[in-house]
Amino acid sequence: GAVVSQHPSWVICKSGTSVKIECRSLDFQATTMFWYRQFPKQSLMLMATSNEGSKATYEQGVEKDKFLINHASLTLSTLTVTSAHPEDSSFYICSSWETSTDTQYFGPGTRLTVL
Amino acid sequence: AQSVTQPDIHITVSEGASLELRCNYSYGATPYLFWYVQSPGQGLQLLLKYFSGDTLVQGIKGFEAEFKRSQSSFNLRKPSVHWSDAAEYFCAVGEFGNEKLTFGTGTRLTIIP
Chain V
1 GAVVSQHPSW VICKSGTSVK IECRSLDFQA TTMFWYRQFP KQSLMLMATS NEGSKATYEQ
61 GVEKDKFLIN HASLTLSTLT VTSAHPEDSS FYICSSWETS TDTQYFGPGT RLTVL
Chain W
1 AQSVTQPDIH ITVSEGASLE LRCNYSYGAT PYLFWYVQSP GQGLQLLLKY FSGDTLVQGI
61 KGFEAEFKRS QSSFNLRKPS VHWSDAAEYF CAVGEFGNEK LTFGTGTRLT IIP
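Taken in order, these protein sequences are the chains called V and W. Letter 80 of the first sequence, counting from 1, is numbered 80 in this note's numbering, and no numbers are missing. Letter 44 of the second sequence, counting from 1, is numbered 44 in this note's numbering, and no numbers are missing.
Worth double-checking, as some hints may not be accurate.
Said to hold, decoys possible - DSS-like cross-link-like pairs, simulated, lysine-lysine; straight-line CA separation at most 30 Å: (1) Lys61/W with Lys55/V; (2) Lys66/V with Lys14/V; (3) Lys20/V with Lys41/V; (4) Lys14/V with Lys41/V; (5) Lys41/V with Lys68/W; (6) Lys100/W with Lys20/V; (7) Lys100/W with Lys61/W; (8) Lys68/W with Lys49/W; (9) Lys41/V with Lys66/V; (10) Lys49/W with Lys100/W; (11) Lys14/V with Lys68/W; (12) Lys100/W with Lys66/V; (13) Lys68/W with Lys100/W; (14) Lys66/V with Lys20/V; (15) Lys49/W with Lys61/W; (16) Lys100/W with Lys64/V; (17) Lys20/V with Lys64/V; (18) Lys14/V with Lys55/V; (19) Lys20/V with Lys55/V; (20) Lys41/V with Lys64/V; (21) Lys64/V with Lys14/V; (22) Lys55/V with Lys68/W; (23) Lys66/V with Lys55/V; (24) Lys100/W with Lys41/V.
Everything labelled a hint here was simulated from the structure, so no lab data went into it.
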């Protein structure tokens, strides 16, 4: 199947700093990527839909100024958590939609810990 | 709005025993249905999917799922589980033309020797 990578796999930062997470589709082009947040032992909550060349679409309740999404190319989307606080600590997972198989492929996730 | 229910939060099965994980969905038209597996600290891996056609779908790792429209269900089965199957399993539903998926709350599978 298609491969989606994320970098970094884990990151620890101080409160008030910003953290950037990269999501790449390695062997296919993705006009649409998704960003999810997963709390311990819970399901995935969709945060936003990232569209190449246009603004991201955020789900209700997600602060777009806090979670900045950029989808600059067909293989790369980035999520920047700005002015991070401890409550932003979570597991962030991205996914890319592979059109030839109509399937969403997921990255391995990034664990963010804000001290 | 579409929704997915996984009634079982946690299931424990003996190694070698059969497994069935339940999934019920709510959706007006014909859904796209998926089962994903997540190992600790990992992303999600696609096990199988249903779009149309044969209602019994075969997936990887010996898993299968059956789409039953009358019951709005898409249960996941495996005839004989292995210790490596211990993980979190998520059912998801999507719609044609919309790539957004809605996930169930997940079922944690524990395998005992």
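Indices of hints not satisfied (ascending): 1, 11, 22
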